[in-house]
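Trainee: Okay, here's what each chain looks like letter by letter:
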Amino acid sequence: MRPLWGLIGDCSLEPTSGDRRKIIPIVAAADDSAELVSLYAAQQKIHPRSVSGFFSQWRWALVIFTQLVFYGLPWLEWGQRQAVLFDLGARRFFIFGLVLYPQDFIYLTGLLVISALALFLFTAVAGRLWCGYACPQTVYTEIFLWIEHHIEGDRQARIRLDGAPMSLEKIVKRSFKHIVWLTLSVWTGYTFVGYFSPIRDLGMEFLTTQMGGWEIFWVLFYGFATYGNAGFMREQVCKYMCPYARFQSAMFDKDTLIVTYDEARGDPRGSRSRKADPAALGLGSCVDCSLCVQVCPTGIDIRKGLQYECIGCGACVDVCDTVMDKMNYPRGLIRYSTQNAVSNQWGRPEIMQRVFRPRTILYGVVLLALTVGLMASLVLRTPLKVDIVRDRAALSRIVSGGKLENVYRLQIMNATEKEQTYVIQATGLEGIEVASEQQVVIEPAQSRWVPVRLQIPYGAVPPGSHTVYFAVGEAGGGAHVSEKSVFLVPR
Amino acid sequence: MSDFKSNFWSVYVAAVTLGGILACLLLLWIASRKKVAATADNTTGHVWDEDLREMNNPLPLWWVGLFIITVVFGLGYLTFYPGLGDFAGKLGWSTANEYEKEVAKANKELEPLYARFTSLSVEDVAKDPQAKAIGERLFMNNCAQCHGSDARGSKGFPNLTDGDWLHGGTPEKITETITGGRIGNMPPMAAAVGTADDVKNVANYVLSLSGSPHDSLRASLGKAKFGACAACHGADGKGNQALGSANLTDDIWLHGYGEAAIINMINNGKTNQMPAQAEKLTAAQIHVLASYVWGMSNLAPAAAAK
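From first to last, the protein sequence lines stand for chains A and B.
Read in order, the letters of the first sequence are residues 1 to 491 in the working numbering.
Read in order, the letters of the second sequence are residues 1001 to 1306 in the working numbering.
The set of hints was computed from the structure by calculation and includes no laboratory data.
Keep in mind that this is a model prediction, so the values were computed, not measured.
Please note that a few of the clues may not be correct.
With a Cα cut of at most 27 Å, we get these calculated BS3-like pairs of lysine-lysine [what the hints assert, rightly or not]: (1) B:K1173 with B:K1155; (2) A:K403 with B:K1155; (3) B:K1132 with A:K385; (4) B:K1238 with B:K1223; (5) B:K1173 with B:K1270; (6) B:K1225 with B:K1238; (7) B:K1238 with A:K403; (8) A:K254 with A:K304; (9) A:K45 with B:K1034; (10) B:K1035 with A:K45; (11) B:K1238 with B:K1127; (12) A:K45 with A:K254; (13) A:K403 with B:K1034; (14) A:K239 with B:K1034; (15) A:K275 with A:K326; (16) A:K484 with A:K385; (17) B:K1035 with A:K484; (18) B:K1101 with B:K1280; (19) B:K1108 with B:K1132; (20) A:K177 with A:K239; (21) B:K1132 with B:K1105; (22) B:K1132 with A:K418; (23) A:K403 with B:K1108; (24) A:K304 with A:K45; (25) B:K1035 with A:K239; (26) B:K1132 with B:K1173; (27) A:K304 with B:K1035; (28) B:K1270 with B:K1223.
Away from chain A, derived, C-beta distances all over 10 Å, residues of chain B [claimed, not checked]: (29) A1014; (30) I1021; (31) A1031; (32) S1032; (33) V1036; (34) V1064; (35) L1078; (36) G1085; (37) L1110; (38) P1129; (39) Q1145; (40) F1157.
In this text, a Cβ means the ideal position worked out from N, Cα and C, and glycines have one as well.
Turn these sequences into a full structure, and let the hints steer you where they fit.
Mentor: Structure, rendered in structure tokens:
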């Protein structure tokens, strides 16, 4: 085996005898149809035709659901406050009954890991469900397209309007569309900021022109991103920017449900009369109406097979089914199926059977375990946190009464929304006691630094560092935590 | 300001930065003129390893636009902000300036707040909860390093909560201490006291002053020798705040408790210094801080030491 650096050194040299390297020739395919194209391509505007059907209904149901959650959540009240509020300034995160501190960041980590695993699982089972039905990029594109459809008309009308010279009608339609888009975008930005800054006060501040600079910035920035991404960038985001789009395909296997065109049944394609017998004409089921291309939000032809641009929305499935119905052919020329099912002519039972395969079971089990773990940890969590900082100035001191004293600062964090009285106790050394105030009162959802002095009788323990434990708990039982620290005894 | 003796690195950095930007533009320009062959099936026609073909994946034009925006932004940034070697930028922006501005802005915002306190006496400020919170933060940042976060000090660093004052505990004296600092000096007294045995006797006498456990025989012998100490600590051992000499009768032992610690002090003396804070803190801040310190021994209910 020759070392690698030998190869590098040899690269530019003629191969010597006995030196057997693999030469990889770059062969230009002999093809007269080849034409010279630029390395840069202008964006082709896609005007997806509107579609209705089973998957389209699902898509709209999810659009409505996700947007009700997004636009509605910040308006819900919980007691005296906003139900969901991420107060970055005060570093408190309220989610319904929960009060989270930055120290609870692990829950966010857990949530993200769960989301990632859920993405793995859904992708392995049924492809890019996330992209097609739930991703904000697709959802907002869908909403913006709906607006566009109702103002400018469907695909043909929009293409015509695009090509038409400037006219009063065009100006009116275009301006109206952009005004509606911009209104929705700003409202989206406003809602987004409402998660971080109380949304009801925000409205008042806006009306009295007292909104903070950063709040205005984020409303406009998020609004601009919505307007730009959903109105103009659309499928370009999925095709060129989105990392998910690329790595989701890596989670496919031959038993993953994807949008497929049944080539064996459809080809050869060709138009024909409804009454004609395709077999007699030597044609497959595909009437080559190109509707599947027209409805595609990313502008691809699904009949070319699985492509990375396909976001798995199922629009082509819906539209092809309507065509098949009209032709009185069986549905499902384009359908959700797996690569194995298409090549082996499997039906639904075989496909369903293979949903349970090692990788999906593994994803499912880990996902379930993590979800249960996170939930349990949230339910069982102590609404009280204690951080201990030993005083850095006074290592140890002798005080009257022959006692040895150490000083600590305890940050006590009340994660409930009630005022709490906490009792501070110490254990771990013989005769140890809390010499400072043993009870502290902390306001709802506040934290406080409390100086605490611990004393032991002089000479009770040998010099050195000794482990002690602070026990802090709600007066009268309830939440309590125990934290470790050290007690220093000088020589 | 450059940390280097010559401007070589400045020129080097500027050249690399500008060269990089120009290279990006050049690359964009070259690539825009380059044409590749694409066949009907949207491949470039190149084949590797028998059947591995290269797809024709042109970069979207808006992406090229982003590159150009980045270049324009970069050049604009380098014009207005520091980045091009030593060049400070047209705006004269610097982190130090930003800091100064922020401090000035914060001080300006705090002015009315402090103005309210400076018009009040230390006694009244000490009762104000807002002033107390500010005072606590000032104390934590400037005093707790020596006096401890609970202000109860440590060996060599006075306890500020016990009502025992070396230099006086009136509001004026506390303000004076914080402003100008203090130097406490006890000279080595062994020679003046006498023999080592005499020193031990005096130490026991000192212990007896506060009723601490001591050898009463030695204490009675030491009493005669205490005259050497009385010059500063007074004949009754109660100290003198004008000199900063400690009260030896109150059972508070700043430099250590017990015979050995006292003998050590008599033999070696000690110079103890508190640095002046006037340069770090404004007069208004010192006023609030003095109120906080004064309040600790005069307002707080004397915490029963257990």
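Trainee: For each hint, tell me whether it holds in the structure or not.
Mentor: A quick look at each hint next to the structure:
no.: 1; hint: B:K1173 with B:K1155; result: 22 Å, holds
no.: 2; hint: A:K403 with B:K1155; result: 14 Å, holds
no.: 3; hint: B:K1132 with A:K385; result: 25 Å, holds
no.: 4; hint: B:K1238 with B:K1223; result: 14 Å, holds
no.: 5; hint: B:K1173 with B:K1270; result: 22 Å, holds
no.: 6; hint: B:K1225 with B:K1238; result: 16 Å, holds
no.: 7; hint: B:K1238 with A:K403; result: 24 Å, holds
no.: 8; hint: A:K254 with A:K304; result: 17 Å, holds
no.: 9; hint: A:K45 with B:K1034; result: 24 Å, holds
no.: 10; hint: B:K1035 with A:K45; result: 23 Å, holds
no.: 11; hint: B:K1238 with B:K1127; result: 31 Å, violated
no.: 12; hint: A:K45 with A:K254; result: 33 Å, violated
no.: 13; hint: A:K403 with B:K1034; result: 85 Å, violated
no.: 14; hint: A:K239 with B:K1034; result: 23 Å, holds
no.: 15; hint: A:K275 with A:K326; result: 11 Å, holds
no.: 16; hint: A:K484 with A:K385; result: 13 Å, holds
no.: 17; hint: B:K1035 with A:K484; result: 69 Å, violated
no.: 18; hint: B:K1101 with B:K1280; result: 18 Å, holds
no.: 19; hint: B:K1108 with B:K1132; result: 20 Å, holds
no.: 20; hint: A:K177 with A:K239; result: 25 Å, holds
no.: 21; hint: B:K1132 with B:K1105; result: 23 Å, holds
no.: 22; hint: B:K1132 with A:K418; result: 25 Å, holds
no.: 23; hint: A:K403 with B:K1108; result: 47 Å, violated
no.: 24; hint: A:K304 with A:K45; result: 20 Å, holds
no.: 25; hint: B:K1035 with A:K239; result: 22 Å, holds
no.: 26; hint: B:K1132 with B:K1173; result: 19 Å, holds
no.: 27; hint: A:K304 with B:K1035; result: 26 Å, holds
no.: 28; hint: B:K1270 with B:K1223; result: 22 Å, holds
no.: 29; hint: A1014; result: 31 Å, holds
no.: 30; hint: I1021; result: 20 Å, holds
no.: 31; hint: A1031; result: 5 Å, violated
no.: 32; hint: S1032; result: 6 Å, violated
no.: 33; hint: V1036; result: 6 Å, violated
no.: 34; hint: V1064; result: 5 Å, violated
no.: 35; hint: L1078; result: 24 Å, holds
no.: 36; hint: G1085; result: 32 Å, holds
no.: 37; hint: L1110; result: 19 Å, holds
no.: 38; hint: P1129; result: 13 Å, holds
no.: 39; hint: Q1145; result: 5 Å, violated
no.: 40; hint: F1157; result: 7 Å, violated
Violated hints, listed in ascending order, are 11, 12, 13, 17, 23, 31, 32, 33, 34, 39 and 40; each of the other numbered hints is respected by the structure.
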